[in-house]
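**Q** Chain by chain, the residues:
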Amino acid sequence: MIGALSLATIPAEDEALRPAIRRFLDEAMPSLPPEQRARSWMGFDAGFSRAMAAAGWLGLTLPKEYGGGGRGPFARYVVVEELLAAGAPVAAHWIADRQSGPLIHRFGTEAQRRFYLPRICRAEAFFCIGMSEPNTGSDLASVTTRAVREEGGWRLNGAKIWTTNAQHAHYMIALVRTSGTPQDRHKGLSQLIIDLHAPGVRIHPIRDLAGDAHFAEVVFEDVRLPDDALIGEEGSGWAQVNAELAFERSGPERVLSSAVLLDEWLRWLRGAVEAEGAATEAETALLGRLVAHLAVLRAMSVSVTGHLAQGESPVVEAALVKDLGTEFEQSIPALLTPLLAQPGRAVPGGLMRTLAYTAAMAPSFSLRGGTREILRGMIARGMGLR
Amino acid sequence: MDDLLARSAEELFARHADASQPAVLLEAVEEAGFLDALVPEAAGGIGLGPAEALPILLAAGRFAVRLPLGETMLARAALAAAGVAPPPGLIGLAEPWGTDAARLPPGPCPDWALWPEGEAAMLLPLAEAMPLTEASAPGGAVLRRPGGEGPRLPAAGLLVAGAWQEVAVMAGAMERILEDTLRHARDRQQFGRPVAAFQAVQQQLSVLTEDVFATRMAAQLASVAGSDGVAGLDARRVAAAKLRAGEAACRVAGIAHAVQGAMGITEEVALHRFTGRLQAARLRFGGEAYWAEWLGRQVLADDAPDTLGFVRAHLGPALPETSP
Ligand SMILES: Cc1cc2nc3c(=O)[nH]c(=O)nc-3n(C[C@H](O)[C@H](O)[C@H](O)COP(=O)(O)OP(=O)(O)OC[C@H]3O[C@@H](n4cnc5c(N)ncnc54)[C@H](O)[C@@H]3O)c2cc1C
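Chains as they are written, first to last, in the numbering used here: chain A, 1 to 386; chain B, 1001 to 1324.
Any given hint could be a false lead.
[As the list claims (entries may be wrong)] A short, non-exhaustive set of chain B residues, derived as facing chain A with CB atoms under 7 Å:
# : residue
1 : S1206
2 : T1209
3 : A1214
4 : L1295
5 : L1319
[As the list claims (entries may be wrong)] Covered stretches of chain A (chain B as the covering partner; in silico rule of three or more C-beta atoms under 8 Å from a C-beta of chain B):
# : segment
6 : 269-277
7 : 285-291
8 : 317-324
9 : 360-369
[As the list claims (entries may be wrong)] Estimated spans, in silico, between C-beta atoms of each pair:
#  : chain 1 : residue 1 : chain 2 : residue 2 : range
10 : B       : F1198     : A       : R185      : 39 to 45 Å
11 : B       : P1108     : A       : T280      : 39 to 45 Å
12 : A       : E327      : B       : F1191     : 25 to 31 Å
Keep in mind that the hints were calculated from the coordinates and are not lab data.
The model shown is predicted, which means the values in this text are computed figures rather than measured ones.
Using N, Cα and C, we set each Cβ at its ideal position, and we do this for glycine too.
Hey, can you work out the whole structure from these sequences and the hints?
**A** Okay, here's the thing in structure tokens:
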């Protein structure tokens, strides 16, 4: 059974990065309306990512010899919190910085590290994650994209879908079958680094319900990959993917997806208090309630980061924080909607557009990175029920 | 240290919590020094802070201890801070009920109460206090103010102090509820398998687990002290925790009862002692609605530009450095 999470604090030397990243954001972040800032880690701006790299904010957790910051997970935690609270457009480098870089560092060969990591830190290599396929969603072990050994490398056929950032990325780290059949489930899966400019790769962006195209379908037709496209051990793809998911699930982005909406609302409420004397009881109480939830979730997320910092892989704990965190994020537009529908109140357009975007996208918060039901299944297993 | 204290508290409560004589339990608790846990060493106490004393109250919650231990610990700390020598026996933190009555903790009546009167609270003996039977409920008896006067101390901070110990007891009670419910789900068979094997039940138990973990974290956050409240408690952290724990309590009790079926509705099965304690805790020292509005006003009036800024400044896992 998993044990209670204990209170952890962000070390002072990491907390010390906060004023500097704030200053950077003041200077380098483009001025965006709130409904754009609400897109945050879905907002693509390669120029902004390069500016971050130039200022040394990328690859914080990677060793200095590869161009990284040589810091621990808490340094990145502080920086990411500030980026998300500001609604900075971080999508271009997001996946490379959060998980592909650490994955290559952990499982890659020395040559792979030397090739990819400095490029990630310079914002010259953007990555995407190729897990889902048209017929493979929650049941990830059923992937059918297949890489077959051939002289000097691999030949790849199949398709990935919902791949965030694929149309802008240089590389995909894909989970593919390298031996056996889908009936072999977790056995015979490997991770490959795919150069998305290789012949035979076709990328079809997919528009989401808000009109953005942040994800895509990626089709592989006889794509030839070199030997060293394999990352880690052949056949260890499943274990590697799961280690990656602990990083993917516990960060501040699983708590702060609706932060821009919440903060726009707070700003407007404060203005209304000045103009009209008071916020309503219902508004005040909802604000207090959401802040209380945020405080507890953040403490939990910091605690899980503490486990990561100690080199552990707190997979179940991360799932627990993500499920609670996404429920919180989803509750924000749901609970603000009735309060913003007060007859006679002049609610600013920026706030209403931010609400529209966040309310529409909120269902995705508990799909991406593993659905609510799958996470709850992991927690049940962690508690010894299955 | 933490673990040692937790273990000795659990052993003590395991031995005595079910005792039909509260006096036996009280004697053991006094002997262990728990009642003076939060009293500074200079005043003859153990000198623990809220975070270090938390395991005692978690254990009290785990064993559904029916004495106001947390309230007595805090009352003794508040009295010591005011230079008043605390009397022997249990002290309840009375909550005003109208103008000349107050609600006391559920369970056996404490010997004393810190009785709020405006800005002050007075230490009064309860032996002679008349119950207001019509106003009393399982959540606590309402007593008329006993006559006479007693030592006074500032009342500010007592509401927060009371709320803190309720959060701690809730967190402890919920952990016990979780364990008992998981065990029941594995033992109880229907359709030829344990009910824990059904996915619908598993998903409910995961939600239960999440709320229990969140409440444990809320209790730890509320115990981050160094502020100006009783035993250094910080009003904003306690407010956030009382509200979060109260919301969790509602879901936790609902799921635990659902999974334990009709058996869980019986007097014989312990579940109701824990869920009943959660319900009582939600009703005392300000409920979710009270603290939500209170905290909302703090956020509106604060300088922090955004919610994360407010959380970092006032609701973080450590007090911010006060040195420049
Ligand atoms: C915005 C966004 C970005 C994404 N980015 C990426 C990306 O970059 N790379 C990538 O690989 N994928 C990405 N995904 C895909 C994401 O990982 C999948 O959506 C997710 O794994 C669920 O798969 P599915 O959508 O096919 O749903 P399904 O798996 O088809 O599930 C449908 C419903 O059935 C439920 N269900 C399924 N199996 C079970 C079960 N065993 N028990 C109970 N309930 C079950 C699910 O919980 C869900 O409610 C992204 C998705 C979104 C929305």
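**Q** State for each hint whether it applies.
**A** Hints versus structure:
Because the beta carbon of S1206 of chain B sits about 4 Å from the nearest beta carbon in chain A, less than 7 Å, this interface hint is met. Evaluation of the T1209 of chain B hint against chain A yields a held restraint, the C-beta minimum of about 6 Å falling below 7 Å. Against a cut-off of 7 Å between C-beta atoms, the interface hint on A1214 of chain B holds, since the closest Cβ of chain A lies about 5 Å away. Given the 7 Å rule on beta carbons, the hint for L1295 of chain B holds: about 3 Å separates it from the nearest Cβ of chain A.
Given the 7 Å rule on beta carbons, the hint for L1319 of chain B is violated: about 10 Å separates it from the nearest Cβ of chain A. Beta-carbon proximity to chain B at under 8 Å applies to 3 residues in the segment 269-277 of chain A; the threshold of 3 is reached and the given coverage holds. Against chain B, the segment 285-291 of chain A contributes 7 residues with a C-beta closer than 8 Å to a partner C-beta. That satisfies the three-residue criterion, and the hint holds. Residues of the segment 317-324 of chain A with a Cβ under 8 Å from some Cβ of chain B number 3, which satisfies the need for three, so the listed coverage holds.
Coverage of the segment 360-369 of chain A by chain B is violated. Counting CB-CB distances below 8 Å, 0 residues qualify, and the rule asks for three or more. At roughly 23 Å, the beta carbons of F1198 of chain B and R185 of chain A sit outside the given window of 39 to 45 Å. A C-beta distance of roughly 43 Å is found between P1108 of chain B and T280 of chain A, which places it inside the suggested range of 39 to 45 Å. Separated by about 30 Å at the C-beta atoms, E327 of chain A and F1191 of chain B satisfy the suggested range of 25 to 31 Å.
Going down the numbered hints, you'll see the structure goes against 5, 9 and 10, while the others check out.
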